[in-house]
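Enquirer: Listed below, chain by chain, are the residues.
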Amino acid sequence: MRKWPLIAVPYLWLLLLFLVPFLIVIKISLSDAALSIPPYTPTLDLAAGWAGLRQFLSELDFENYAFLASDDLYWRAYLSSLQIATVSTVLTLMLGFPIAYGMACAPEEWRPTLMMLVILPFWTSLLIRVYAWMGILSTEGFLNNFLQWLGVIDAPLMILNTQNAVYIGIVYTYLPFMILPIYSALEKLDGSLIEAAEDLGCTRTKAFWLITVPLSRPGIIAGCFLVFIPALGEFVIPSLLGGSETLMIGKVLWEEFFNNRDWPVASAVAVVLLLILIIPIVLFQRNEQKQREAGK
Amino acid sequence: MKRLSWFNITALTVGFAFLYLPILILMIYSFNGGRNVAIWAGFSTKWYGELFRDQAFLDAAWVTVKVALAASTFATVLGTMAALVLVRVGRFPGRTLFSGMIYAPLVMPEVITGLSLLLLFISLGVDRGVFTIILAHTTFAMCYVSVVVSSRLVTFDQSLEEAARDLGCSPVSAFRLVTLPIIAPAVISGWLLAFTLSLDDLVISSFTTGPSATTLPMEIYSSVRRGVSPKINALSTIMISIVALAVIGTSIAAKRAAVRAQRDEQAAARATG
Amino acid sequence: MAVPLFAPWNDPAQKPLIQFKNVTKRFGDFVAIDNQSLDIYTREFFALLGPSGCGKTTMMRMLAGFEQPSEGQILIGGQDMKGVPPNERPVNMMFQSYALFPHLSVYENIAFGLRRMGQPKDQIDARVEEMLRLTRLSKFARRKPHQISGGQRQRVALARSLARAPKLLLLDEPLGALDKKLREETQFELMDIQEKTGTTFVIVTHDQEEAMTVSSRIAVMDEGRIIQVATPSVIYEAPNSVYVADFIGDVTIIEGSVRSVGPVYDIDWAEGQPPLRAASPLALSVGQKCHIAIRPEKVEVHHSRPEDDNALQGRIIDVGYGGNLSTFNIRLANGKFLRAQSFNTERKTKQEFTWEDDVWVSWTDHCAVLLAE
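Heads up: the protein sequence lines correspond to chains R, V and Z, in order.
1 is the number of the first residue of the first sequence in my numbering; add one for each residue after it.
1 is the number of the first residue of the second sequence in my numbering; add one for each residue after it.
1 is the number of the first residue of the third sequence in my numbering; add one for each residue after it.
Chain R with its partners taken away, still in its complex shape:
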């Protein structure tokens, strides 16, 4: 059959460079830290056959996970990642929905341009976009200068290197992910439904809450997950905008790996992060599936 090479090439590529690496992470997370390079034991000796496998399995243990559970640094990092991701998702929704709604209300000939304006930042480097905020939020930065010039504040505010800067960074970075699914849900919405609701006695505001919001719910849910999922494991934003007290698990993993060189613990951190992520990912998939079925 001709189709086998077509399947085999990408399949083997992904097996070798996606699945196998991940299995290695799991294996190392169950290994003991050692000072030698590579800094972990045990290794699976396939030549030793069944006995080798038993030997290998017996040396695996959960002590790295026990360590994660006992050290409250990790607990706090997971919890604060969840909290930061949740708060920023809500903030992004509050900013993104009115924009998406405005786009859907805009004249038809403007919409492609507005769409492009939303997508354009996505093409530019995340690093640069985050960096742009460093110059704005620092104590001698643009925002503080501006506010002082206005006379709103006397002394510069400390925003950069705080959790607030992380919120701003996440909202800014992931805003397009929130706007696009909501906009596409709103755009499909039949305008006559609103008119029908008004005809049946709703005020415009009431029609908005009773018709527009429920019908755009799949878009809202998709947008929230698209912000929440990447925000949870974010590294660049907390590292550049957050302060030393900003704990996010992506940053902890990076430091564990590069600064402490504790690979087994870093691997265990990664596995737990992924386990946490599975829940929103599955929920997101289910939402998408429902929408696809509704579309048919």
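If you're looking for bench data, these hints aren't it; they were derived computationally from the structure.
There could be a bad hint or two in this list.
Stated by the list, open to error - Per the computed footprint, the stretches of chain V lying under chain R, defined by three or more beta-carbons under 8 Å from a beta-carbon of chain R, are:
1) 63-71
2) 74-86
3) 98-112
4) 193-203
5) 210-224
6) 230-240
7) 247-254
What the hints assert, rightly or not - Mimicking DSBU-like on lysine-lysine, the simulated pairs with C-alpha atoms at most 35 Å apart in a straight line are:
8) LYS350(Z) - LYS181(Z)
9) LYS3(R) - LYS66(V)
10) LYS144(Z) - LYS3(R)
11) LYS167(Z) - LYS3(R)
12) LYS139(Z) - LYS255(V)
13) LYS121(Z) - LYS3(R)
14) LYS3(R) - LYS82(Z)
Source: prediction; values computed, not measured.
Quick reminder that beta carbons are idealized off the backbone N, C-alpha and C, glycines included.
Following the hints, complete the assembly by docking chains V and Z onto the known chain R.
Expert: Then chains V and Z, alone, in the frame of chain R:
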């Protein structure tokens, strides 16, 4: 729905100001003569000059472009193959695993992808450098390419390929002569996406590189960690301008083509009556 | 001089071009074609007719080589087609969607199949020109498919599939995408081109009028089975089943049972009503359940009782004025409805019959078709 109220206009203005002002400020201050990024000290292009004299940045830029060109090309080939498998090949053993492996990297935190690939390269004893970054970028970018290409393939009229077979093509030549030219725009935009993803990546590159190779985002990151620098503003301005011109250019070209096609169709309808 | 009647299916000396031999096609558990056999002869314009999902498209796709029979054999020109891929069959297909290559001009679309045959360039040019002339498309050769109208696209698709001079041309709902007026014009054009090129055409359609107009023979299909294969006039005037009678044209079906046999049967159909008479070659026995199918144009409407055998009293419930003819829906004494049609051969603004008129209807013994249960 189709009434633009004051509320809508305010939302759009505030929203787009929020999206674009930071970038605008960043670009304006790249022409600032002074060292302090926030205090305007007259127009100057000296930071651009300094940037082009900085060998570390130039080297990093060259590495980045090399990596992005290679990775996006491999990713386009592999991603298109994967899209064909996803859309065209019905059931085969391990299909669920395959589609899972295509979609998982899209939601996988970069730190995990980077970490796992690094551990793989160490286990295999591969020398880390440009080569390993290319492998890593190809892997995550091919998933994006396959999503872009498969969404085009889903709407592709299969009878076109059957017609080519009917008119004497082998399956391979039917793909080359008919399918590929028609899905080419999606393949190209997949390539562009892979290229920019590779160009912008910091985290995965940092994990998978060795001492020999530093990419531009890595260089920017280590410089930015020390604080704001007008040189980075200048570099960012150049990168943003290139991307913006490319994106706006392609979208204008696409729009023109669409308008022309529509006009042709209308003319044809009139001509035949 | 009379043109000899084209009827190779009646000539045992003729060898069929296409033979389906006990072909079954299954998709998983679903049986698309159920053990069917069929012969199609050279130069025929053969129609596969049926509702959607009846298996007609599967029959065609098996001929083109896009599907393989699960069981049985398909022969083209006496050669077994098992394992022969679509690109190596002496068959071309015109797709329902036309499947014109959007990135190629009209000219290149038509030349596509010729280039695959590796013909020299001047030969290809000559053949494409010929096809363009045949389909009156010479002016549009340089245009792309999206730059021409629907009717022109249809002709490009036809020219492209004919360019390789196939022994057999398959047409999948070739006129389905055209509007009614264009469809009628194109039907005659298709017949003309079929005659000029001498190619065997197999057309798949769900439109019974189209099948009746263009084809030499029709196979009426339902649920994976061929119900009847015959010329259009036989299908219309002598359907072999209630299904065929009902599918083709307008008809009233009356249920009944045989009272007396003979060349002309008496059929009991309602309490207290005289039996209906119908001539039939069928061999039915007394008391057997049967159906009478009667076409509305065979029914005459009268003000008073006519002399005919099958005369029934009724009342006009609906009148449909269609310009050239009028259709009446008549309620009979037992509450059943019967349709009748009369041609408006004279210019009259006032109709002879109208709503709520009490009328008589009648037809002759030979106009009704007797069908077994």
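Enquirer: Could you run down the list of hints and mark each one as holding or not?
Expert: Status of each hint after checking the structure:
Only when three residues or more bring their CB closer than 8 Å to a CB of chain R does the claim for the region 63-71 of chain V stand; here the count is 0, and the claim is violated. Coverage of the region 74-86 of chain V by chain R holds [criterion: at least 3 residues with CB-CB distance below 8 Å; count 6]. For the region 98-112 of chain V, the stated coverage by chain R is satisfied: 11 residues place a CB nearer than 8 Å to a CB of that chain, which reaches the threshold of 3. A count of 5 residues in the region 193-203 of chain V with a Cβ less than 8 Å from any Cβ of chain R is obtained; the coverage claim is therefore met, three being the minimum.
Judged by the Cβ-Cβ criterion of 8 Å, the region 210-224 of chain V is covered by chain R as claimed, because 4 of its residues qualify and three suffice. Counting residues of the region 230-240 of chain V whose C-beta sits closer than 8 Å to any C-beta of chain R gives 5, which meets the bar of three, so the coverage hint holds. Given a C-beta distance limit of less than 8 Å, the hint that chain R covers the region 247-254 of chain V holds, as 3 residues qualify and 3 suffice. Only pairs whose Cα atoms come within 35 Å are accepted, and LYS350(Z) paired with LYS181(Z) is accepted, the gap being roughly 29 Å.
Proposed proximity of LYS3(R) and LYS66(V) is supported: the alpha carbons are some 32 Å apart, at most 35 Å. As the CA atoms of LYS144(Z) and LYS3(R) are separated by approximately 32 Å, the hinted pair is consistent with the 35 Å bound. Distance restraint check for LYS167(Z) and LYS3(R): the Cα-Cα separation of roughly 31 Å lies within the 35 Å cut-off, and the hinted pair is therefore satisfied. Of the pairs offered as hints, the one joining LYS139(Z) and LYS255(V) holds, with about 28 Å between alpha carbons and a cut-off of 35 Å not exceeded.
Restraint check for LYS121(Z) and LYS3(R): the C-alpha separation of about 34 Å stays at or below 35 Å, so the hint holds. With a C-alpha separation of about 21 Å, the suggested pairing of LYS3(R) with LYS82(Z) holds against the 35 Å cut-off.
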